[in-house]
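*Asks:* Residues per chain are reported as follows:
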Amino acid sequence: MSDLTVLLLGGLVLAVGTYAMRAGGGAIGDLLEPYPRLQLAVEDAAVLILGSVMATSAITDGQSFAGWARPAGVALSGLLAWRGVPLPVVLLVAAAATAGLRALGVA
Amino acid sequence: MITVAMALVGIAYGAMSVGAGLPVWVAPLLGVIVLAGSSEMLYVGLATATSPWVALPAALLVNVRHVPYGMALRTALGRGAARAYRAHVMNDESVAFALAERDPQRARVALTRIGTGVLIGWPSGALAGSLLGRGIDQNTFGLDAIFPAVILALVLPALKRARLCPAVVAAAAVSVPAALLLPQGLGPLAGVLALPLALWRSREVFDVPQEHAGAGAEPGIAHGGEDDDE
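Taken in order, these protein sequences are the chains called A and B. For the first sequence, the working numbering gives the first residue as 10, with consecutive numbering after it. For the second sequence, the working numbering gives the first residue as 523, with consecutive numbering after it.
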């Protein structure tokens, strides 16, 4: 099999698996209902993974440091989001600040 | 508005996938059938850098949060074909809007409306980014900063709540050195190591209502109330 075929096959499994989790949430919700602590732990773990995905994608590129421009742009956007600035503006600022810092010579 | 925001991120995703050597149609196709942005970018990034079989478990794990989403929005999902469609368009954005509505009927409308907006915006942006990707360097436009910025904006409500804040900070602090030292894809998963911190803090959520309200207070009620501001 070619690399692309394998990647598409994996993508299909990802699509089916993701849909199964979305559709199965209601059913699992019934099962977890007597265990609110477990329910809370599942939600917390998801938030922690999201936070880690954010930190690693802001700061690292593969196994190396991504440079200062991207984390600085993301940090600035986070500050704006915290202050209640609408999401599209937040995202434009993140991209513009990162691009601007790079244009000024910040790696 | 949410459609435009998702299209912007989609452009970065499309440009990234073409930059990784994939054909133009791959990103929009995955965008329609998976429709879960962060997991798709993780999957494409990891699959092209290592192997799809390394990327698949990591991407699926990122999507596990859709299980509690489904649990929380059981009543808003409805029945039959509409339920099947709403389950597919259930994502961070549509869930956030649906949870903000108290009335199940309005929550249902919000879920369908925002979800459909994302279903249009995300693959369209991915297609635009794929087509533009060959001509633009995503670093020049800072598009690589958009994905972490979106995730940060979505995680912020959790950070504002005192209970999860230390755990999220710890998860982020653990995941970065883990990403630098471990094989790609394991870094974000290392964030789960901070879970005991979150659970330790969650004792208050369960214990306090019982102490103050006596036998009538169920843990589930305390938890449901705490969930509302997400």
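No lab work stands behind these hints: they were computed from the structure. One should not assume that every hint holds.
[To be verified] According to the in silico footprint, chain B covers these stretches of chain A (three or more CB under 8 Å from chain B): (1) 14-22; (2) 25-37; (3) 85-99.
[To be verified] Label-pair restraints from in silico Cβ distances: (4) 579/B with 40/A: 18 to 26 Å; (5) 683/B with 18/A: 36 to 44 Å; (6) 526/B with 115/A: 27 to 35 Å; (7) 33/A with 704/B: 39 to 47 Å; (8) 704/B with 11/A: 47 to 55 Å; (9) 722/B with 105/A: 19 to 27 Å; (10) 11/A with 683/B: 27 to 35 Å; (11) 626/B with 116/A: 48 to 56 Å; (12) 628/B with 88/A: 30 to 38 Å; (13) 721/B with 95/A: 15 to 23 Å.
Treat the numbers as computed from the prediction; the structure is a model and nothing was measured. For every residue, glycine included, the Cβ atom is placed at its ideal position computed from N, Cα and C.
*Asks:* What are the numbers of the hints that this structure violates, sorted from low to high?
*Replies:* 7, 8, 9, 10, 13
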